[in-house]
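S.K.: As a plain string of letters, each chain reads:
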Amino acid sequence: MDAPLFGVLTQLGDDSLILGQRLCEWCGHAPTIEVDLSLSNLALDLIGQATLLLDYAGVVEGAGRDADRLAFHRSAEAFRNCLLAEQPNGDFAQTIVRHFFYATYAAALFEELVHSSDRRLSEIAAKAAKELRYHAEYAADWVVRLGDGTEESNARMRDALAWHWRFVDDLFLDDADWVACAERGLVPLRQALRPAFGDIVATVLGRAGLDVPGKVWPIMGGRSGRHSEHLSTLLAIMQVLPRAHPQAAW
Amino acid sequence: MDAPLFGVLTQLGDDSLILGQRLCEWCGHAPTIEVDLSLSNLALDLIGQATLLLDYAGVVEGAGRDADRLAFHRSAEAFRNCLLAEQPNGDFAQTIVRHFFYATYAAALFEELVHSSDRRLSEIAAKAAKELRYHAEYAADWVVRLGDGTEESNARMRDALAWHWRFVDDLFLDDADWVACAERGLVPLRQALRPAFGDIVATVLGRAGLDVPGKVWPIMGGRSGRHSEHLSTLLAIMQVLPRAHPQAAW
Amino acid sequence: AGLLAAFEARVAADEFIEPNDWMPEAYRRTLVRQISQHAHSEIVGMLPEGNWLTRAPSLKRKAILLAKVQDEGGHGLYLYCAAETLGTSREDMIDALHSGRAKYSTIFNYPTLNWADIGAIGWLVDGAAIMNQVPLQRTSYGPYARAMVRVCKEESFHQRQGYDLLLALVNGLPEQKAMAQDALNRWWWPALMMFGPPDDNSPNSAQSIRWRIKRETNDELRQKFVDATVPQAELLGLAIPDPDLRWNEEGGHYDFGAIQWDEFYAAVRGEGPTARERITARRAAWDEGAWVRDAATAHEAKRAALAAA
Amino acid sequence: AGLLAAFEARVAADEFIEPNDWMPEAYRRTLVRQISQHAHSEIVGMLPEGNWLTRAPSLKRKAILLAKVQDEGGHGLYLYCAAETLGTSREDMIDALHSGRAKYSTIFNYPTLNWADIGAIGWLVDGAAIMNQVPLQRTSYGPYARAMVRVCKEESFHQRQGYDLLLALVNGLPEQKAMAQDALNRWWWPALMMFGPPDDNSPNSAQSIRWRIKRETNDELRQKFVDATVPQAELLGLAIPDPDLRWNEEGGHYDFGAIQWDEFYAAVRGEGPTARERITARRAAWDEGAWVRDAATAHEAKRAALAAA
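Chains as they are written, first to last, in this note's numbering: chain P, 1 to 250; chain W, 1 to 250; chain L, 1 to 309; chain U, 1 to 309.
There may be inaccurate statements among the hints.
[As the list claims (entries may be wrong)] Straight-line alpha carbon distances no greater than 27 angstroms define the calculated DSSO-like cross-link-like pairs of lysine-lysine that follow: (1) Lys103(L) with Lys127(P); (2) Lys153(U) with Lys302(U); (3) Lys103(L) with Lys177(L); (4) Lys224(U) with Lys153(U); (5) Lys127(W) with Lys224(U); (6) Lys302(L) with Lys224(L); (7) Lys103(U) with Lys153(U); (8) Lys60(L) with Lys103(L); (9) Lys224(U) with Lys60(U); (10) Lys215(W) with Lys103(L); (11) Lys215(P) with Lys153(U); (12) Lys60(L) with Lys177(L); (13) Lys130(W) with Lys103(U); (14) Lys103(U) with Lys177(U); (15) Lys177(L) with Lys130(P); (16) Lys153(L) with Lys60(L).
[To be verified] Simulated restraints on C-beta separations: (17) Ala258(L) with Pro174(U): 38 to 44 angstroms; (18) Ala307(L) with Ala162(P): 44 to 50 angstroms; (19) Ala304(L) with Thr297(U): 26 to 32 angstroms; (20) Thr297(U) with Arg119(W): 22 to 28 angstroms; (21) Val59(W) with Asn171(U): 24 to 30 angstroms; (22) Thr297(U) with Ala162(W): 45 to 51 angstroms; (23) Met1(P) with Asn171(U): 30 to 36 angstroms; (24) Met1(P) with Asp219(U): 42 to 48 angstroms; (25) Ser99(L) with Thr203(W): 44 to 50 angstroms; (26) Glu18(L) with Ala162(P): 32 to 38 angstroms.
[Unchecked claim] Among chain P residues calculated to face chain W with C-beta under 10 angstroms, some are: (27) Thr32; (28) His73; (29) Thr233; (30) Leu235; (31) Ile237; (32) Gln239; (33) Ala244.
What the hints contain is simulated information worked out from the structure, not anything from laboratory work. Think of the CB as a built atom: it goes at the ideal place given N, C-alpha and C, for glycine as much as any other residue.
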């Protein structure tokens with residue numbers, strides 16, 4: 001098995017899966033029907049990406065696991081998503097800030113992955129990059145709307161920024177698997193994407209009348225399976241049926 | 001297997017288990033430390049009762065299942081608790097009304113079960129009856145305090161009564177298993193306990209400045225495994241570890 | 001009176017009435033009530049299915065269900081727009097829903113208790129909805145009829161997906177087949193109730209039919225549904241929970257047992273098993289989203305002011 | 001000055017100071033800070049364990065954990081009472097916690113990620129707490145010392161239960177043993193940090209020791225804890241995550257590796273991994289419970305008025 005590539009693909013696939021799962025929780029509960037539909041759309045893109053990435057991870061692993069097996073039969077410490085993706089939905093400001101950070105990062109990443117020397121990854125990336133570009137714009141529009149909206153919405157955005165800013169270093173971590181694949185030209189280093197991310201964040205927050213948060217003690221661990229308390233309860237719900245009926249096909 | 005007795009014991013045990021599990025959710029989140037401790041106490045009693053009752057149910061079944069097996073490896077439709085027990089905690093008023101109805105019913109029931117012709121059930125009941133008498137008094141005290149407290153607490157109590165009143169018929173249902181055991185002198189008919197329940201409810205609500213709710217369309221089904229949507233998510237959390245590791249002992 | 005006669009003649013000739021055309025007040029009121037009720041049903045109907053979205057047991061099923069629930073939200077949107085052409089606002093309609101003045105389909109006040117319920121909703125509930133809605137593609141009010149064309153197309157797709165979900169279950173493990181049977185047991189009778197009260201107790205039907213707001217009676221549609229669905233259940237190998245169900249050779253249709261109308265009227269009064277959960281969830285979504293809507297409005301106003309300056 | 005000398009003499013003679021005795025302001029302030037911080041730790045400490053209460057994998061373990069968390073709440077209560085004897089109110093202390101002015105043990109800002117964490121908390125966290133607290137049974141302030149007697153007895157019990165939980169795991173399936181190792185990996189270093197900064201960076205220690213508010217230095221206690229715990233880990237068959245850990249034959253103790261003090265100070269600043277979750281949960285419990293406390297007060301007032309009438 002190409003362990004570093006398997007590591008990279010599960011990191012990518014788990015990000016999409018867990019964030020997509022979080023967005024599913026909004027269904028029927030969003031501030032307007034239009035937002036409800038948009039969040040479902042974002043979730044649908046992410047679940048689609050997760051399926052492609054984890055199916056490919058299963059092929060690389062060569063142990064007969066497909067995307068469903070990887071999604072529904074791993075425990076929390078085997079998940080390699082970033083901590084940002086698993087954060088609770090909170091209010092709509094929290095969801096938007098989480099999505100803004102994630103999609104801004106991921107759009108840039110997948111645009112680079114289009115040039116991966118791995119053909120299958122590059123094809124997946126071509127589709128995903130287009131989707132994520134839209135996600136980043138959608139989230140940025142809401143960042144501006146909520147930052148610039150009312151005093152209350154601005155205050156909620158400041159809280160949301162303070163909550164999620166702590167997870168940005170974890171989002172951009174290049175772990176050993178990632179570095180090994182970067183050296184083979186399969187993926188760009190995440191750190192290389194960070195300056196452009198910083199510029200976009202500064203610009204959008206500037207338009208929103210929000211300050212870029214200052215330096216904080218970063219919370220790390222997602223890529224190595226050290227998650228927050230939020231992941232295991234998310235998985236308890238998500239995996240309940242396949243766990244109760246391990247032999248079943250659906 | 002004595003199927004009716006197994007049915008009765010799972011009904012009793014599941015009531016305790018599911019209500020106890022609900023109270024566990026309050027831990028660390030109650031309005032005062034004193035209330036937090038009291039709710040843990042109630043939960044502890046209920047989990048203890050569930051253990052005794054379900055262990056006995058396993059013995060009656062004779063298929064090698066103990067209380068843990070019954071608690072952690074059945075799916076929602078095999079649970080026979082009343083719908084009341086599985087209702088969400090909501091605010092503290094909801095929790096108190098749920099507990100007031102349940103404990104008032106259960107204290108009277110277990111006092112009768114002390115005279116069961118089944119020796120083991122009668123011994124379990126002796127311990128449980130004393131505990132549940134205290135539960136009923138504790139809950140009634142809070143009903144009065146909250147009903148008589150402020151306008152807000154009174155309004156919340158009215159909402160809580162309206163929510164839970166719909167489940168009282170289900171609570172008192174004598175299903176076929178129950179009737180069969182009643183005929184053998186193992187249990188009293190629940191319906192026989194209903195008038196006294198009505199009197200206590202009327203007295204306590206009267207002291208609380210609250211009206212006894214009027215007639216509503218009853219929601220039924222707990223005893224036959226037709227639950228509300230709330231049970232399956234409760235079980236997804238409660239059962240997560242034994243389901244993920246079916247062979248493990250803890 | 002001349003207006004009314006002209007209106008009735010157009011309707012009788014199967015012409016479409018358009019928003020700016022003259023129409024009787026009762027026609028407008030009936031349509032607003034019916035279209036907004038239909039819109040509310042789509043929106044509230046997202047909740048019982050959303051309840052299993054986070055628990056869908058495969059990524060493919062999760063994506064299908066997401067897309068389905070999204071379609072329902074979309075239907076809700078066009079239907080609110082169609083109702084708005086009659087001079088009511090979305091806010092008013094939503095307020096009527098939240099305060100209990102407006103109704104929605106009683107079917108969504110039943111709980112979704114296992115994964116097979118998602119299949120049963122697609123198969124039976126969307127199936128019944130299609131029976132109700134296909135004739136509405138030719139309903140007399142143009143915007144409603146056009147919305148129905150799109151809705152029906154998507155609902156047929158949902159119905160097939162629901163049936164496909166159940167097929168996977170009945171061909172799966174015994175406990176999966178049991179889920180499917182359990183779901184059918186619980187959804188069968190509520191689905192039959194979706195066609196509304198029996199004709200002899202449906203006071204508004206006659207006028208609605210004359211005005212082509214309805215085109216078939218409740219009992220006619222219910223019979224059609226039973227006749228179409230029974231063979232589908234047989235194909236699944238599932239038993240319909242009605243001991244009185246049997247083929248009526250002479251009539252060329254299935255006879256079926258008595259419907260518990262008292263349960264139906266309780267559900268209509270808002271006393272269905274999960275009615276409180278549904279309306280609580282909708283109100284909470286609306287109330288907790290108020291600051292978002294306010295912020296969007298405030299931002300829009302600032303932008304407009306800047307653009308104007 | 002005579003009062004101070006008399007006070008210091010009594011303390012030096014290991015007599016207890018009682019609430020109505022004269023005491024230096026700095027002594028009172030230090031005690032209030034320390035006792036309320038200890039009380040807050042008990043209350044906040046309910047949260048990481050409560051996180052697994054709903055997921056305890058057997059009924060016996062659930063009951064044990066319930067009883068344990070309840071004991072912690074009880075400790076919080078006596079400690080608040082002990083602090084109140086020094087002239088502060090529970091409301092003020094809780095307000096100081098919620099506003100971030102008061103601290104609580106940094107250990108509770110680490111997440112509980114698997115079931116073995118519940119065992120590791122009992123074994124390591126309660127174990128470290130006992131090391132810290134046993135000497136406090138002879139601390140100079142009477143009410144605090146007496147509270148500590150009861151607390152220590154219960155904590156020893158919790159420590160044994162935690163160890164027992166881990167024993168079941170290490171004797172279980174491989175994935176259960178892996179949970180236990182993972183928990184030890186994550187809790188070891190934070191447990192060592194529970195003894196506070198190293199002595200050369202612990203400015204208040206000297207005076208606290210003179211006043212018998214503390215009786216041993218941070219580093220002394222930390223060393224005792226390591227020496228007691230390493231053999232227990234060996235008995236479990238778990239590896240302590242410290243490559244520099246080795247037995248020092250001359251010193252008769254274990255040498256251990258360098259502690260990441262920057263992480264400790266970040267946690268003290270409230271930047272631990274789950275610090276925001278903890279304080280948000282406590283504030284929410286308090287704020288959402290306000291109407292309950294108000295109602296109880298209002299009812300009490302009405303009752304008192306009736307009784308007086």
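S.K.: Now look at each hint and say whether the structure bears it out.
M.R.: Going down the list of hints, with the structure as the test:
At most 27 angstroms may separate the alpha-carbon atoms for a hinted pair to count; Lys103(L) and Lys127(P) exceed this at roughly 42 angstroms. As the CA atoms of Lys153(U) and Lys302(U) are separated by approximately 41 angstroms, the hinted pair breaks the 27 angstroms bound. A distance of roughly 34 angstroms separates the Cα atoms of Lys103(L) and Lys177(L); the hinted pair therefore is violated under the 27 angstroms criterion. Taken as a hint, the Lys224(U) and Lys153(U) pair is honoured in the structure, with Cα atoms around 19 angstroms apart against an allowance of 27 angstroms.
For a cut-off of 27 angstroms, the pair hint linking Lys127(W) to Lys224(U) is broken: about 44 angstroms separates their Cα positions. Proximity of Lys302(L) to Lys224(L) is assessed by CA-CA distance (about 55 angstroms); at most 27 angstroms being required, the pair is judged violated. In summary, the hint linking Lys103(U) to Lys153(U) is supported, as the alpha carbons are separated by about 25 angstroms, within the 27 angstroms threshold. A threshold of 27 angstroms between alpha carbons decides the hint, and for Lys60(L) with Lys103(L) the separation of about 34 angstroms lies outside it, so the pair is violated.
With a C-alpha separation of about 32 angstroms, the suggested pair Lys224(U) and Lys60(U) falls outside the 27 angstroms cut-off, and the hint is violated. Of the pairs offered as hints, the one joining Lys215(W) and Lys103(L) holds, with about 22 angstroms between alpha carbons and a cut-off of 27 angstroms not exceeded. Taken as a hint, the Lys215(P) and Lys153(U) pair is broken in the structure, with Cα atoms around 43 angstroms apart against an allowance of 27 angstroms. The suggested pairing of Lys60(L) with Lys177(L) holds, with an alpha-carbon distance near 20 angstroms, which does not exceed 27 angstroms.
A threshold of 27 angstroms between alpha carbons decides the hint, and for Lys130(W) with Lys103(U) the separation of about 41 angstroms lies outside it, so the pair is violated. Taking the CA atoms of Lys103(U) and Lys177(U), the gap is near 34 angstroms; set against the 27 angstroms cutoff, the hint is violated. The suggested pairing of Lys177(L) with Lys130(P) is violated, with an alpha-carbon distance near 41 angstroms, which exceeds 27 angstroms. A threshold of 27 angstroms between alpha carbons decides the hint, and for Lys153(L) with Lys60(L) the separation of about 21 angstroms falls inside it, so the pair holds.
For Ala258(L) and Pro174(U), the hinted distance range of 38 to 44 angstroms is not satisfied, since their beta carbons lie about 59 angstroms from each other. Look at Ala307(L) against Ala162(P): about 32 angstroms separates their beta carbons, and that is not inside 44 to 50 angstroms. For Ala304(L) and Thr297(U), the Cβ-Cβ distance of about 49 angstroms falls outside the hinted range of 26 to 32 angstroms, so the restraint is violated. Roughly 48 angstroms separates the CB atoms of Thr297(U) and Arg119(W), a value that falls outside the hinted 22 to 28 angstroms.
Taking 24 to 30 angstroms as the suggested C-beta distance range, the pair Val59(W) and Asn171(U) conforms, at roughly 27 angstroms. Here the CB-CB span from Thr297(U) to Ala162(W) is close to 26 angstroms, at odds with the stated 45 to 51 angstroms. For the pair Met1(P) and Asn171(U), the beta carbons lie near 32 angstroms from each other, so the given range of 30 to 36 angstroms is met. Taken as a hint, the range 42 to 48 angstroms holds for the pair Met1(P) and Asp219(U), whose Cβ atoms sit roughly 47 angstroms apart.
A hinted range of 44 to 50 angstroms for the beta carbons of Ser99(L) and Thr203(W) is inconsistent with their spacing of about 34 angstroms. A C-beta distance of roughly 53 angstroms is found between Glu18(L) and Ala162(P), which places it outside the suggested range of 32 to 38 angstroms. For Thr32(P), the interface hint is violated, the least distance from its beta-carbon to any beta-carbon of chain W being 24 angstroms, above 10 angstroms. At about 9 angstroms, the closest approach between the beta carbon of His73(P) and any beta carbon in chain W falls short of 10 angstroms, and the interface hint on this residue holds.
At about 7 angstroms, the closest approach between the beta carbon of Thr233(P) and any beta carbon in chain W falls short of 10 angstroms, and the interface hint on this residue holds. Annotation: Leu235(P) was flagged as interfacial toward chain W, and the flag holds, the nearest CB pair being 8 angstroms apart, inside 10 angstroms. Nearest Cβ of chain W to the Cβ of Ile237(P): about 5 angstroms, under the 10 angstroms cut. The hint holds. Restraint check, Gln239(P) versus chain W: the minimum CB separation of about 8 angstroms is within 10 angstroms; hint holds.
Checking Ala244(P) against chain W: minimum C-beta separation of about 6 angstroms stays under 10 angstroms; hint holds.
Checked against the numbered hints above, the structure violates hints 1, 2, 3, 5, 6, 8, 9, 11, 13, 14, 15, 17, 18, 19, 20, 22, 25, 26, 27; every other hint is satisfied.
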